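Student: Sequence:
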Amino acid sequence: MIKTILQYQKAFNSVVDRMKIDKSVLSVMVFGSMVTGDLWEESDIDFIVIVDKNYDEIRNLYSQEEGISVHVKLMSKEKFIQVYSNNLKGGYLHRIFSSSKLIFSKDMDITVRYDGGRLFPDVDRERWGISFLGKLLKEMGVCKKYLWSDAIYTSYSSATRCIEKYSKLFVNSSGYMISKDVMTMALNLNEDFKLCVDKLFFEKSNIKEVIQETMTFLEQSVDLSIKDNCNLLLNYMREQDKFVSAEEIMSDDLFKEFDIDMEEVLNKLWKRDIIKKESRDFRIDKDNILIKQNVYFV
161 MIKTILQYQK AFNSVVDRMK IDKSVLSVMV FGSMVTGDLW EESDIDFIVI
211 VDKNYDEIRN LYSQEEGISV HVKLMSKEKF IQVYSNNLKG GYLHRIFSSS
261 KLIFSKDMDI TVRYDGGRLF PDVDRERWGI SFLGKLLKEM GVCKKYLWSD
311 AIYTSYSSAT RCIEKYSKLF VNSSGYMISK DVMTMALNLN EDFKLCVDKL
361 FFEKSNIKEV IQETMTFLEQ SVDLSIKDNC NLLLNYMREQ DKFVSAEEIM
411 SDDLFKEFDI DMEEVLNKLW KRDIIKKESR DFRIDKDNIL IKQNVYFV
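Following our numbering, the numbering of the sequence shown begins with 161 at its first residue and continues without gaps.
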């Protein structure tokens, strides 16, 4: 691997040196394996290149340099500023920028936004936490459904997805940024979780029982942390001081930009006796009740 690392370094330097003398290039960042250090023989070198040109969209360019694959996310300065201003903190592009390394910058606006945009405010972390929780609860429901009907292959596949979704929830709530290798990070942070995952992946003597044990572990873990993970939501509901539906909560500016299975989260909070649940008439017109809608109150 020493030779391979040297090849990557040579290719990296070759690209950067060429970009430094290009007057249209304002800034270059690198992300991915060159930053994390988990290089292998088929890794790309991933660059973000900001140029003094009018590109409305981010362009993905692919090349070879010194026999090494190179991927460039090319964008204008205006697009870079737009992404930093509008992209969800903790979202895909924000995670790329946050985990990237600034190689050089000829533009102070870009440098300042790069330094400031890497921050991950607590309110964004909490909203992502609620999103991860909702997706986990939804997938756990799928797993339990197929386990109940003895569809073992399908329930096992779902259980592995539950593990990944729980990993995101746990790592996020532990204060770390989500990465592609989020499961490894979660396993390193939580020994009990690692024992559970090892059993699911490697214990094959009674797979149905192991899947059930996995669901039990996840259920107990969610129950223990749900108030902390939903603190932002609970405070929001207290401020509303009335019964609200999942739809009404998701229409609020605080949550509407996030993909959250809000009904799953609210129903779980109700099952844990943390919030109250009632039904409210939903009418298309004043004379006809279309449905009794679930509403919740703290």
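Simulated from the structure, these hints should not be mistaken for lab results. Treat the numbers as computed from the prediction; the structure is a model and nothing was measured. Each residue gets a CB set at the ideal place from its N, CA and C atoms; glycine is no exception. Errors might be hidden in some of the hints.
[To be verified] Derived CB-CB ranges, DEER-like: (1) TRP200 with TYR222: 14 to 20 Å; (2) VAL283 with PHE362: 38 to 44 Å; (3) ILE449 with LEU394: 25 to 31 Å.
[What the hints assert, rightly or not] Distance condition first, Cα-Cα at most 30 Å in a straight line; then the derived DSBU-like pairs of lysine-lysine: (4) LYS305 with LYS170; (5) LYS213 with LYS233; (6) LYS416 with LYS402.
Student: So which of the earlier hints does this model not fit?
Tutor: 4
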